[in-house]
Amino acid sequence: MSTNVLPLLTPSDLTSDREVRWCPGCGDFSILSQLKKVLAVLGVPRENLVFISGLGCAGRLPYYLSTYGFHGSYGRAPALATGLKLANPDLQVWVVTGDGDALSAGAGHLIHALRRNVDLKILLFNNEVFGLTKGQTSPTARAGTCTKSTPEGSVEASLRPLSIALAAEATFVARTIDVDVNHMSEVLEKAAAHRGSAFVEIYQNCKIFNDGVFDYATDATIKADTVIYLEHGRPLLFGKDRNQGLRLNGFEPEVVTLGHGIRIDDVLIHDEKASEPTLAFLLSRLIGPQFPECLGVFRSVQRPTHAELLDESFRLGDPARKLESLLAGDESWVVA
Amino acid sequence: MQERDSVAIRFAGDAADGMPFVGAQFTATSAIHGNTVCTLPDPPAEIRAPAGTLPGVSGFQVHFGKLAVHTPGESLQALVAMNPASLKANLFDLEPGGLLIVNSDAFCAEEWEKAGYVANPLENGLMQGYRLVAVPMDQLNREAVARVKLSSREVERCKSCFALGVAFWFYERPLETTLAWIHDTYAKNPPMIEASTRTLKTGYQYGETCSAPLGHYRVGKAENSAGRFRQITGTKALALGLLAAAQQTNLPLVFASFPLPPANELLHQLCEWKQPGVKVIQAEDDLAALNLALGASFGGALGVTATTGPGLALQSETLGLAVISELPCVVIDLQRAGPSAGMPTKSEQADLLQALHGRNGECPLIVLAPATPADGFAIVLEAVRLAIRYMTPVIVLSDTFLAQSAETWRVPSLQELPEMGVTHAVPTGNGSSAFLPYERDTHLARPWAVPGTAGLEHCTGGLEKEERTGNVSYDPLNHQRMVAMRARKIAGVADELPPLEVQGPAHGELLVIGWGSTFGAIRTATERCRSKGLAVASAHLRHLNPLPQNVGAILRCYRRVLVPELNAGQLCSVLRSAYLIDAISLSQLQGQPFLLSEIERKIEELVIS
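Chains A and D are the protein sequences, given in the same order.
Quick note on the working numbering: the first sequence kicks off at 2 and runs consecutively.
Quick note on the working numbering: the second sequence kicks off at 62 and runs consecutively.
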């Protein structure tokens, strides 16, 4: 078992000897690389790190780490991981999933892991397309997206992963993007430090089937106008000159430009600690091009974890009911 | 007074009449009195069907005897019917001349019409083929409790004690067990203690004074071997088996389950018997339940789930994952009548082929089945032992009938429980050579390497693995070797199984072979046929995959082989294909256990023809 001495790890200590099989240019490479940097400095011994995944491109990630890993079935990783935490609450367990894995088959498991507040770090690589099955529509594909299974354009409404996580009572909800490595590191560190379910959506480019779908958020020439970087306690401002902001008009958000009677006080202030997730939910609904999209921590609150609450009820058991007395039951008799 | 070797009595009434209570009290009292007892509740499918109607009838049957009884009995020697609907629904099972106790107060025109009678069935000699005891229970119960201050609802509840008292008198049962129960249950409600006690005794005295001329019945005590005994249901036996397995393996138990009837009762039982180191969780569905269990097994705990047919169907995906990742877990399938939701409260054995084969790919695993309610205890211990030794999922096929029925069980002492010490893998040598998570021991099992153990880090999952290293491999020959390896591992379990035993002649005309809950019916039917001079033997399989090594040799010792099953002939087709014998199927699909007469008739037909 692990010792109490903080291990000194480097990203290469966390690299497995297996060949990485993602397509050249895949956003997953960047995520894997940042993840290893973050894990190396967590102070968690390698043997206490476990990566659980489902199916799809993202699901291969555990093979590329030298930690413990379990590559499960389609969409079931949150349930596998919950079981693992029941067996051993001391492990640091990460779930790696994709938009198809988490929200096609796995939505019914994801929401329950979140509502239970199992101490898991759940990373959803969202590339808005099915990659490993070779380019079909995904539950997060925006309406109208043309794929092999929707050649005329998708006619289905898309799911917004963060809205779902918030509706499922997640205690930590954040979004980052594959190419913004510093931002990703920051978000992953915060997720790792969170006690309870941490849910992180990572915008991830699929070079082969959905290339450039997040260009608006990565292109340096425009991203200032299309992205809001969330900062707790700060006004929700964006734009090259940081003169645009989000304001509430009734229950509707609207983009305003400072000046001409609009003051900074009119702009919404981000509050990731709010007891109700109403603001976070509103922000999770914003999509371009009408609105800037938010990156950073939407919500970060504390409530007891699943293991803490369960341990309280299960640790001691009922001392009046030892196995021997249960075997005999309430009414037994002796034949001499 | 008349002597009887055994008696089957059924208590039937509206859901609100408390028949499960009456049946349970009659059972406990008979068992403590010294009889061997088998019981079977027959609850209505709906929680509260309309009162007085046939779908609302709830039954509880008790078979007690001085000789070993293996079944809850079928043709009844006694029926207690609390209203016209329960008479109508159950009378056809009562033997001619059988004791028929009815609550005559419930036989008003409105009630017998609701049950579909065109005239009062108690009048005009319609019941003259039976020993009718018509008791105005409503009125007598009211009078018995009149001096106690009760709500009208409480008065109504006392009526079940009156009926119980009458039945106790007819079979010479002592009142002490029920009186003790009343005191415990109503400890905080002294008026109910007084009222229940009064009406129980009044019922008993009613039998004594009003029925004395016709006399009562005596069923002598069984000659049990020495030891401590109790009555146990199939559900409780499974639950105790799990707790004993957790204790003997010294592993945390993670029991995850979705509350599909009848598996919900096991979930409730483990929650009630809260034990240290045992975590019980209600999963969002059966698929999640097995993933929770498997995740726990990956973490070094004992992962277990309980379900029924439709849930097992959902779990086939995860069973495949457990087979290829080679992790131990136990799935308890309490089979019910299918397909799909089928008949949720009725029993069947039709999940055998699903358990054996219902997965994609070549996916062998161990399948066991308890023979009796109490056997669930031993079978669960065996399932856990085999799962861990062979690093494999194990399916236990019980059923609704076994889960709900009960029998007398000799309570094992803790010292009698099998040794099941488990050691998780530890790093060997100096750590210079890489850990091989799919290296195998003499049982062809891989090491159980648990997260948290430094030096054994590895990644497993649902993709095909390279031999020894466990790395993902799509190499054609490697796949063929791994498929063969997994098959050989499970087939090898047969090496340590006890040989199949035969009751009756070791060779001859006919062998009747079965599995699961048909044990009692087959055993009793073949014993009866032998006593009539027929050369028939019986055998019972508790291990269904792999089968014990001597099964083929035994089958070939008989001219004919009969396989009675509560399915369309699933074990029969397994035996035919495995041993190339012309086994004959006796199939019954009515959601009920076999009648002895169904099996006896078939035996006679085969032996005499």
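Among the hints, erroneous ones may be present.
[Said to hold, decoys possible] No farther apart than 27 Å at their CA atoms in a straight line, the calculated lysine-lysine pairs in the DSS-like style are these: (1) A:Lys149 to A:Lys37; (2) D:Lys249 to D:Lys210; (3) A:Lys323 to D:Lys249; (4) A:Lys191 to A:Lys274; (5) D:Lys663 to A:Lys323; (6) D:Lys175 to D:Lys149.
If you're looking for bench data, these hints aren't it; they were derived computationally from the structure.
Hints and how they fare:
no. : hint                 : verdict
1   : A:Lys149 to A:Lys37  : violated, 34 Å
2   : D:Lys249 to D:Lys210 : holds, 15 Å
3   : A:Lys323 to D:Lys249 : holds, 26 Å
4   : A:Lys191 to A:Lys274 : holds, 14 Å
5   : D:Lys663 to A:Lys323 : violated, 48 Å
6   : D:Lys175 to D:Lys149 : holds, 11 Å
Of the numbered hints listed earlier, those contradicted by the structure are 1 and 5.
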